[in-house]
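**Student:** Listed here are the chains, written in short residue letters.
Number of protein chains: 2
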Amino acid sequence: MTAPALLAQTFRGPFLENAHLGHAVISDTLGVVEAWGEAEAVVLPRSSSKMIQALPLVASGAADRFGLTEKQLALACASHEGAPEHVSAVADWLSTLDLGEPDLICGPQPSRDTDLKLQMIRDHEVPCRLHNNCSGKHTGFLTLGKFLGAGPDYVDPAHPVQKSCLDLFETVTGLESPGYGVDGCSAPNYATTVAAMARAMAWYATAHTRDDSLSKAGARLVQAMYAWPEMVAGRGRACTLLMRAANQPVAVKTGADGYFVAILPQQGLGVALKIADGTTRAAECAMAAILVKLGVVDAGHPDVRRFLNPDILNWDGLVVGKVQPAASLLS
Amino acid sequence: MTAPALLAQTFRGPFLENAHLGHAVISDTLGVVEAWGEAEAVVLPRSSSKMIQALPLVASGAADRFGLTEKQLALACASHEGAPEHVSAVADWLSTLDLGEPDLICGPQPSRDTDLKLQMIRDHEVPCRLHNNCSGKHTGFLTLGKFLGAGPDYVDPAHPVQKSCLDLFETVTGLESPGYGVDGCSAPNYATTVAAMARAMAWYATAHTRDDSLSKAGARLVQAMYAWPEMVAGRGRACTLLMRAANQPVAVKTGADGYFVAILPQQGLGVALKIADGTTRAAECAMAAILVKLGVVDAGHPDVRRFLNPDILNWDGLVVGKVQPAASLLS
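Here the protein sequences come in this chain order: E and F. Numbering (numbering that gives the first Met the number 0) for the first sequence: 0 to 330. Numbering (numbering that gives the first Met the number 0) for the second sequence: 0 to 330.
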């Protein structure tokens, strides 16, 4: 077993303050192209697996049966910030299914859109399940469940929706999953190696070159993500800004606890990384570095620099430190 | 150089999700009693050094000259949550100096007291410097500055207040500091080894046994911290709850980016630890484990368990994982 590698650090003045170790893999469809840390580390990819969890929705024919738009497919792959545009898009989608907020099983989460969050506090309004960052994914689950004629408990691992998700998760990762953990939104989240996850992202990156129906479904999801970057995350968030800053169509997706993946169709490459201590800021920094290394984004772009080399500010707004990626990621 | 050691982990279902490495030292006044990781790692102790930053305030005679109460001394050592009782106590103290909120240089910080924070949002009230978790420390700096007849820029490392702080920091750690970083509140924060910081805490733990004036000043600060645990942090916070849960008088103090110290007068021991990735939840877990090991708190006490072995809940309130300390901390 390889040790995790240094992926990012923070400094305060001249002193190293935090060191973030982890595992990162660049893969093509055949396997590892380059790796840092332990490529075979088995972890939960959390929301970085959302484009896999949305795959049965498209591959089954459910998306076409219910006439889902590209924007709705992007939402099915999203960890959105619960801004008004996300909340209304999910509510509208649910209504086309004759369903509503109570049918979601994702739990309520406060909006991460600052204006909406403050307005809801002032209006004494309680966050609901539509605000949950996973409400698009869950509406995708409900759409598939309706198509399959299955029951309402769609987060049960024995439910046809989750059995489809596991089946296609193992198909695109090319590995049997050793099991699952329950995610923040109550859905099962299947474990796999970082290398298998990167290879799955390479499968997505090359899906547009293949004619089989599963690959066509994957290609539609990738297309939806980079066509609607603001639906996948939101204003000021890493996924949205890095997709917009890219000099070519790419899809990137964060996951909780320091996971991050990228799909690079022009290169036919996939990337997966996990910060072993779970720090999101470090995962964003490491992913930005790998995208710079691969020539997908420019290190000098302001929306890249804010993740690659962000200043650390104190309460008075002074610059007191910085985040920086491990040199090995950029070489 | 020794590698950092595993200090805490989180699990989600059967899967390891996050591993937190770091350095921890139990020390007496002579030196290391037990260590995990690299005892000589040089880091910034951040707010874990507040009882040292308050030492010149007492040792100089300024605290007596201005008739400071024990409660005010606890506030000088605090990272308080900006609850109404903290804000009003700091405002009252400033007024006794004929000073006010604009004289603080700590920057504004939103209150971390939920009720006050929500009320301020509803009232469109902007957080001020009184709400900053360091406002007590800064009022201590202003008190010392007034006593010394020094100028208003008390966070300048060349200011007499900060020169006194550095002088006593080096005295109690027994090491020349290699320099400082600027803290979240704009004050210089001096670096030292984890071992030296633990030894400094042992100096505080034994201060009540010595007759020199510096030791008497240190003993007064320790006494103030454990007499006023709710002033040092606040309701629901680790420092306050662990001090209250202890079966003997102890003082514990968190610092940002995964630092934590403890002063154990009955054993004459000091503890210092740093989570190398900066995760507060892991630092709280590791400190709770060391306090259990040393017989200071009971692992079954609910206010210990919430830091030692907390459940991880998801948005729907389900238990989906747990935090646990490294076995080596408890053995």
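No lab work stands behind these hints: they were computed from the structure. Here the structure is a predicted model, which means the values were calculated and not measured. Yeah, the Cβ is synthetic: ideal placement off N, Cα and C, and Gly gets one too. Hints may contain errors.
Claimed, not checked - Capping the alpha-carbon separation at 30 Å, the derived lysine-lysine pairs in DSSO-like fashion look like this: (1) K116/E <-> K321/E; (2) K162/F <-> K70/F; (3) K116/F <-> K215/F; (4) K215/F <-> K145/F; (5) K321/E <-> K215/E; (6) K292/F <-> K321/E; (7) K162/E <-> K321/F; (8) K116/F <-> K321/E; (9) K215/E <-> K70/E; (10) K116/F <-> K321/F; (11) K116/E <-> K116/F; (12) K145/F <-> K70/F; (13) K145/F <-> K162/F; (14) K162/F <-> K116/F; (15) K292/F <-> K116/E.
To be verified - The calculated label-pair distances, taken between Cβ atoms and stated as ranges, are: (16) Q265/E <-> L329/F: 46 to 54 Å; (17) F10/E <-> L329/F: 30 to 38 Å; (18) V318/E <-> E69/F: 34 to 42 Å; (19) E69/F <-> D114/E: 41 to 49 Å; (20) D122/E <-> G294/F: 44 to 52 Å; (21) E69/F <-> S87/E: 49 to 57 Å; (22) E124/F <-> T170/E: 50 to 58 Å; (23) A90/E <-> L15/F: 33 to 41 Å; (24) S87/E <-> L329/F: 44 to 52 Å; (25) E124/F <-> G316/E: 17 to 25 Å; (26) F10/E <-> L96/F: 57 to 65 Å; (27) A157/E <-> P301/F: 34 to 42 Å.
**Student:** Quickly compare the C-alpha distance for K116/F and K215/F to 30 Å and report which way the hint goes.
**Tutor:** This hinted pair is violated, its Cα atoms lying about 38 Å apart.
**Student:** Has the hinted range 49 to 57 Å been met by the Cβ atoms of E69/F and S87/E?
**Tutor:** Because 55 Å falls inside the window, the suggested range holds.
**Student:** Taking the Cβ atom of E69/F and the Cβ atom of D114/E, is their distance within the range 41 to 49 Å?
**Tutor:** holds (44 Å)
**Student:** State, for the Cβ atoms of D122/E and G294/F, whether the hinted interval 44 to 52 Å holds or is violated.
**Tutor:** About 51 Å separates the Cβ atoms of D122/E and G294/F, which means 44 to 52 Å holds.
**Student:** Confirm or reject the claim that E124/F and G316/E have a C-beta distance inside 17 to 25 Å.
**Tutor:** holds (20 Å)
**Student:** What's the verdict on K116/E and K116/F, does the C-alpha distance respect the 30 Å limit or exceed it?
**Tutor:** holds (13 Å)
**Student:** Take the C-beta atom of F10/E and the C-beta atom of L96/F, compute their distance, and say whether it sits inside 57 to 65 Å.
**Tutor:** violated (36 Å)
**Student:** Assess, step by step, whether the Cα of K116/F is no farther than 30 Å from the Cα of K321/E, and give holds or violated.
**Tutor:** Holds, because 29 Å separates the two Cα atoms, which is no more than 30 Å.
**Student:** I want to verify a distance hint. Is the separation of the beta carbons of F10/E and L329/F within 30 to 38 Å?
**Tutor:** holds (33 Å)
**Student:** Going straight from one Cα to the other, do K116/E and K321/E come out at no more than 30 Å?
**Tutor:** holds (28 Å)
**Student:** Keeping to a limit of 30 Å between CA atoms, is the pair of K292/F and K116/E held or broken?
**Tutor:** Given that 30 Å is the threshold and the Cα spacing comes to 43 Å, the pair is violated.
**Student:** Using the Cβ atoms, figure out if A90/E sits within 33 to 41 Å of L15/F.
**Tutor:** For L15/F against A90/E, whose Cβ atoms are near 38 Å apart, the range 33 to 41 Å holds.
Going through the hint list in order, the structure does not satisfy hints 3, 5, 6, 14, 15, 26.
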